[in-house]
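Given the coordinates of chain A, work out where chain B should sit on it, guided by the hints.
There are 2 protein chains.
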Amino acid sequence: MKTSLACIPCIITQCLTTLNLTRVDEEKKKSAVNKLLEKLKTIDYDLPPSYNSDIAYAVAYEFTGVKDPYLKLKKECNKLALEIYPKLKEMVEHSKDRMYTAIKVAIEGNIIDFGININKGKPLDFQKILRDIKEMPFAIDDYKEFEKSLDSSTNIFYVGDNAGEIVFDRVLIEELIRCGKKVVLSVKSGPVINDATLEDVREAGLTDIVKVIETGNSSIGVNFRSISQKFVDEFKKADLIIAKGQGNFETLDNIEANTFFMLKAKCETIANKLGVEYLDVVLVKRRHEWGSKKI
Amino acid sequence: MKTSLACIPCIITQCLTTLNLTRVDEEKKKSAVNKLLEKLKTIDYDLPPSYNSDIAYAVAYEFTGVKDPYLKLKKECNKLALEIYPKLKEMVEHSKDRMYTAIKVAIEGNIIDFGININKGKPLDFQKILRDIKEMPFAIDDYKEFEKSLDSSTNIFYVGDNAGEIVFDRVLIEELIRCGKKVVLSVKSGPVINDATLEDVREAGLTDIVKVIETGNSSIGVNFRSISQKFVDEFKKADLIIAKGQGNFETLDNIEANTFFMLKAKCETIANKLGVEYLDVVLVKRRHEWGSKKI
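Chain order of the listed sequences is A and B. Going by this note's numbering, the first residue of the first sequence is number 1, and it counts up by one from there. Going by this note's numbering, the first residue of the second sequence is number 1001, and it counts up by one from there.
No wet-lab data here; the hints were simulated from the structure. Built from N, CA and C at the ideal position, the CB exists for glycine as well. Hints may contain errors.
Calculated from the model, a selection of chain B residues having no Cβ within reach of chain A, i.e. all distances over 10 Å [unchecked claim]:
#  : residue
1  : Glu1026
2  : Lys1029
3  : Glu1093
4  : Met1099
5  : Asp1142
6  : Ser1153
7  : Arg1178
8  : Leu1198
9  : Arg1202
10 : Asn1258
11 : Lys1273
12 : Lys1285
13 : Ser1292
14 : Ile1295
Keeping only pairs whose Cα atoms sit at most 20 Å apart, straight-line, the calculated SDA-like set for lysine to any residue is [to be verified]:
#  : chain 1 : residue 1 : chain 2 : residue 2
15 : A       : Lys39     : B       : Thr1042
16 : A       : Lys266    : A       : Thr64
17 : A       : Lys29     : B       : Ser1004
Bound conformation, chain A alone:
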């Protein structure tokens, strides 16, 4: 999908949020923001928003020298999520439709938004999570199509999103494996925001369960300008692709494949694209009208 003008303030906010996680002084932050303002004047609006958001993180790194400002946060999010992992598993095991519940658990991992505000040391509110999952307010729910598609699929390619969320993904991945599917999970090759890396999926206990590959870069979503051959191979081999979160939607929406997106629309631009309201939740099968690029 393309970058919209509404993405510009958001890209600057992403840079500021990242700068504020470091110890650089106000003057340095101003210099970083000025550099970003300059760069934003020449961005390509035909590219996905995530490609342009990458600029924010590159500028933050250039001015702070901090390679992974979200490291501590990511570890905290994994820890919090792992604390409730047994309860999430139990929920799936006691449900009428295990797969549907596991999907909702995975989406809940995206709803929680393991962002910078979660890092207060408090455990996750499991009662709220339970309520969220029971009453998940799907604006688009293509589960029937997912179910049908899953029946005729063997190879599932799971495009991961954030640390913390990855523990919720584990519940769905384990359910897919239980149903006899072969699952490959992709994570980032290096740090960007709080996106899951190999270290995170190791912490989440996924490396022993599933084949994990890296995207080949540390870009938000799937950046095809520097994607790994492994990613391309697994993507092409897959019968069904599960893509979590906004970044993956922004970059895979127009790629011809049997892709199901699971996310909460955390900005107006994404909501508009999906034809839903801001903050709505969707399980949506990729639509042909979004484009037909070959990978």
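Below, chain B alone, put in the same frame as chain A:
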């Protein structure tokens, strides 16, 4: 108060919101945003945020030629507010503490936020307004000091904020007059966002009740670089100043005067300055530590 880095994305959003109210095409909007990005590189962070927000509206005007994009919206907001005005008056008349209720009505006018989303033709939800006023969640409530100060005051200078809100202000202004106070109300000399102008206070039925003066410019808040002599005179003459909304707080917080601010903190920067949470409501007396500039 000073501009913070967090104001930058907000200033761009203000420009975009304004551009989107006009019929200019996407390319023109991009050019406008690029011009704004360039200008934001050289802003003076020591100035109040509103001074720098003015740049967003100047750029929008430069690229669209539309002098008052909020005109239709302002008229709609005045109309909606006037529909419930009799009920607001009734509420004050039946309350135990008329002045306190009138203040809460005026603050509710700021809480409602007569922004672009209100313009759906629907009447205002009076039941919600009633609840808001009854349960107004003051994070700072300096009413006792206000009451004391009002007792020894004759001349009140009321610094107005938005269209629509101005009808709610009328309730407080009428209560002040009923108590024998002389009230002067200031409005903008020209259009900026949805700020009230002479035309709006005429529509709100205020011109027959109170002396209305203009700020001398069409800047957000009180821009002392081009303020009218009338404003300065009335400000100096006043025993007590009531300043509504964020723009006025941003520009009057450091000016030595007996000023009471009434607003909802609609951004983190204002909330931080006031030491309250985002979206909190305050009736706050100006504090000496905020500065002691003479007008």
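Status of each hint after checking the structure:
Distance check on Glu1026(B): its Cβ comes as close as 8 Å (rounded) to a Cβ of chain A, failing to clear the 10 Å threshold; non-interface status is violated. Distance check for Lys1029(B) against chain A: the nearest CB is about 6 Å away, which does not clear 10 Å, and the non-interface claim fails. Look at Glu1093(B): its CB is around 40 Å from the nearest CB on chain A, clear of 10 Å, so calling it non-interface holds up. The beta carbon of Met1099(B) is kept farther than 10 Å from every beta carbon of chain A, the shortest such distance being approximately 39 Å.
Every beta carbon of chain A lies more than 10 Å from that of Asp1142(B), the smallest distance being close to 30 Å; the non-interface claim holds. With a cut of 10 Å on Cβ distances, Ser1153(B) stays outside the contact zone with chain A, its closest approach being about 40 Å. Against chain A, the non-interface label of Arg1178(B) holds: every CB pair exceeds 10 Å, the least being about 44 Å. Every Cβ of chain A is farther than 10 Å from the Cβ of Leu1198(B); the closest lies at roughly 32 Å, confirming the non-interface assignment.
The Cβ of Arg1202(B) lies farther than 10 Å from every Cβ of chain A, with a closest approach of about 35 Å, so its non-interface assignment holds. At roughly 32 Å, the least C-beta separation between Asn1258(B) and chain A is larger than 10 Å, which holds for a residue marked as non-interface. With 10 Å as the threshold on Cβ separation, the claim that Lys1273(B) sits away from chain A holds: the shortest Cβ distance comes to roughly 15 Å. Distance check for Lys1285(B) against chain A: the nearest CB is about 29 Å away, which clears 10 Å, and the non-interface claim stands.
Every Cβ of chain A is farther than 10 Å from the Cβ of Ser1292(B); the closest lies at roughly 24 Å, confirming the non-interface assignment. Every CB of chain A lies more than 10 Å from the CB of Ile1295(B), the least distance being 29 Å, so the non-interface label holds. With a C-alpha separation of about 15 Å, the suggested pair Lys39(A) and Thr1042(B) falls inside the 20 Å cut-off, and the hint holds. Only pairs whose Cα atoms come within 20 Å are accepted, and Lys266(A) paired with Thr64(A) is rejected, the gap being roughly 27 Å.
With a C-alpha separation of about 11 Å, the suggested pair Lys29(A) and Ser1004(B) falls inside the 20 Å cut-off, and the hint holds.
Of the numbered hints stated above, those contradicted by the structure are hints 1, 2 and 16, listed in ascending order.
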